[in-house]
Amino acid sequence: MRYFVKKLCIMLVTLFVISLVTFWLFHIVPGDPAEMMLGTSASQEQLNNLRKELGLDRPLMVQYVDWVDGALHKDLGKSIQYGKEVTKLLKGKLSVSLILGGMALFLVILIGIPLGVFTAGRKHAFSEQLLNFVNILGISVPGFFLSILLIWVFGLVLHWFTPGRFIPLHRNPAKFFQFMIWPAIAIAIPQTCVLSKYIRTAVIEEVRSDYVRTARSKGSTKNRILYVHVLKNAIVSVVPLIGMIVSGIFSGSIVIEQVFGIPGIGRLLIASVSARDYPIAQTLVMYIAVVILVVNFVVDIVIQILDPRIRISR
Amino acid sequence: MAKAVNTSPAGGMKWGRQPNAAEKIRAEKQNRSKSKASGLSSWVTGEAELKMGFVIVGIVLFLAVLSFFYTPFDVYEMDTSVRSQAPSLQHFFGTDNFGRDVFSRAMVGARFTLLVSVATVILATGISIVLGLVCGYVGGMLDEVVMRVIDAINSFPSILIALVMVSVLNYGKLTIIPALVIMFIPSFTRIVRTGTLQYKNADFVKSNKVFGDSDFRILFVHILPNIYPLLLSSIVIGLSNAILAESSMSYLGLGIQPPIPSWGRMLKEAQDIIFSTPWAALAPGLMIVFTIVGLNCIGEGIRKKYLS
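Top to bottom, those sequences are chains A and B.
Be aware that the first sequence starts at 1, since it is given in the numbering used here, and climbs by one per residue.
Be aware that the second sequence starts at 1001, since it is given in the numbering used here, and climbs by one per residue.
If you are wondering where the hints come from, they were derived from the structure by calculation, not from laboratory data.
Since the model is a prediction, treat every value here as computed from it, not as a measurement.
The reader is advised that the hints may include incorrect statements.
Calculated lysine-lysine pairs in the DSS-like style (CA-CA distance at most 25 Å, straight line) [what the hints assert, rightly or not]:
no.: 1; chain 1: B; residue 1: Lys-1051; chain 2: A; residue 2: Lys-197
no.: 2; chain 1: A; residue 1: Lys-78; chain 2: A; residue 2: Lys-91
no.: 3; chain 1: B; residue 1: Lys-1304; chain 2: A; residue 2: Lys-197
no.: 4; chain 1: B; residue 1: Lys-1305; chain 2: A; residue 2: Lys-197
no.: 5; chain 1: A; residue 1: Lys-232; chain 2: A; residue 2: Lys-197
Covered by chain B, per the in silico footprint, the following chain A stretches (three or more residues, Cβ under 8 Å) [to be verified]:
no.: 6; segment: 16-26
no.: 7; segment: 264-276
no.: 8; segment: 284-297
To list a few chain B residues with every Cβ distance to chain A over 12 Å, as calculated [to be verified]:
no.: 9; residue: Ala-1119
no.: 10; residue: Met-1141
no.: 11; residue: Ile-1191
no.: 12; residue: Ile-1218
A virtual CB, placed ideally from N, CA and C, is assigned to each residue, including glycine.
Could you put together the complete structure from these sequences and hints?
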């Protein structure tokens, strides 16, 4: 319980620092929203008036407090580019990105873990070299190139889906998933390679322990030992990686949403960064920060529950 | 019950059935012939990986340097008579919708991508060495604060940091370099710091201290060289990540601006014309994959060779 509180405090402090830095970074940039909205032809007086109206003439600290206060009351300010409320723009986009990320994470875990155990069971074989090479290849292919290849092969040649035609979930769930599986695969492949490599190392470490010998001597089959006894222990050492994988999935989806034309937060983020639409950009950065911090927090707690050894050593 | 267990002495200890004597001899012979062939064993020690990596990276570097003197076709010239042609003997990877040779453009594209990633990694390494050595050696409050910040940066999606930095630093031809440097400082710094902690209290450091060496000399002359092998493999792998990041950024339109070709930019342009000329994506994409595979092989090879 003390650990839980401590971790919670650390998370909140980190969140506070990140929000401070993000806000500060986006406000030291030359060219404030008033200049962006009025263009270069505006007079100094007009600029000053608009700044006053938007509250940009106040000290930075006051603006920050205002922003945080607004964010806590679901008021994130207005987009410069679209002139709409940020909350309205985000509506629907968050869920699309979350579903995409969730699908990718599901694929990573579904394929990465068995693949890692499978390769660990076949040490020093030719298949190890082959898988090693496939692994390097998987990590090396940039997500956007992989996506273009997927669009080309499965979209244009095999016609398994229509490239560029995103169908919202509520209109046709089957078509939605038929489309979304491809970007999910493109995001998942590099992360799967990373995860399976770590699982493999962890399993090879575990196979040397005493309980494996006990299980063998009582006559368990090789697969039962690997997938039931060893995997349970190996996963504990891999759980901390979930945070890293989630952040990798975010990285991937920011770019890959762009390739497949999925209206998620990744696309909005890039559009807002290119157009210097800071109210949206800083909201999205904070949103991603919150997701990642919460995931890391949950991972920390889960490890505590899964592995009593760590609880004792602290 | 007890008897049944005794009849199979140590039978269940090994995976599956125990080999009999003849099989054992055969297996040993096979093992010996394997080690003579040295194909597999050199993979394990990383020799083969190193060789393969150097060959691959060498080819890419050669193509990039060659592009200064010779390209099969002019990279900017638009020839309408050969628009959207499929790969052929004249145009190895086909032509794009303007009739430009894709392979020539991919050769020139290597320059900018390689320049940016090498510059990024050199800068990041320099900063990280100082930061890591000082943090590891001094310790205390400074170390704690720097490590917290580094952890925070590290937990973020790398592309997000680059995006924020690019927008904060204003567009420019080389803005991308400082934006990417920040992505690489955390992992490099952590490696240097861990190494410094490991050698800080080693006997040779202590004896040098007794002889009156300055802290500066101890850090850079005595501790740093010990960290090199570990750092080197991360630098090479960092280089491959830098290429990946640079091409992602130019793919998103936040790196180099047209008409200068860069791999990421070319892929973006290829994607726009994917319905008519899908092969335009092949040359730049394969160049990226090729380079990164090569660098990853070198990195893994160094790690296996010096750290096993």
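Hints, one by one, checked against the model:
1. A C-alpha spacing of about 22 Å is found between B/Lys-1051 and A/Lys-197, which places the hinted pair at or below 25 Å, so the restraint holds.
2. Between A/Lys-78 and A/Lys-91, the direct Cα distance comes to roughly 14 Å. Compliance with the 25 Å bound is thereby established for this hinted pair.
3. Restraint check: the Cα-Cα separation between B/Lys-1304 and A/Lys-197 comes to about 15 Å, which is no more than 25 Å; the hinted pair holds.
4. Between the alpha carbons of B/Lys-1305 and A/Lys-197 the distance comes to roughly 19 Å, so the proposed pair stays at or under 25 Å and holds.
5. Using a Cα cut-off of 25 Å, the hinted pair A/Lys-232 and A/Lys-197 holds, with the two alpha carbons roughly 16 Å apart.
6. Given as covered by chain B, the segment 16-26 of chain A passes the check, having 5 residues with a CB less than 8 Å from a CB of that chain where 3 are the minimum.
7. Counting residues of the segment 264-276 of chain A whose beta carbon lies closer than 8 Å to any beta carbon of chain B gives 5, which meets the minimum of three for the stated coverage.
8. Check on the segment 284-297 of chain A: 6 of its residues sit with their Cβ under 8 Å from a Cβ of chain B, so the three-residue criterion for coverage holds.
9. Listed as outside the interface, B/Ala-1119 is consistent with that label: its C-beta sits roughly 20 Å from the nearest C-beta of chain A, beyond the 12 Å cut-off.
10. The beta carbon of B/Met-1141 is kept farther than 12 Å from every beta carbon of chain A, the shortest such distance being approximately 16 Å.
11. Under the 12 Å C-beta cut-off, the non-interface status given to B/Ile-1191 relative to chain A holds; the minimum distance is some 16 Å.
12. Every CB of chain A lies more than 12 Å from the CB of B/Ile-1218, the least distance being 33 Å, so the non-interface label holds.
Checked against the numbered hints given earlier, the structure satisfies every one of them.
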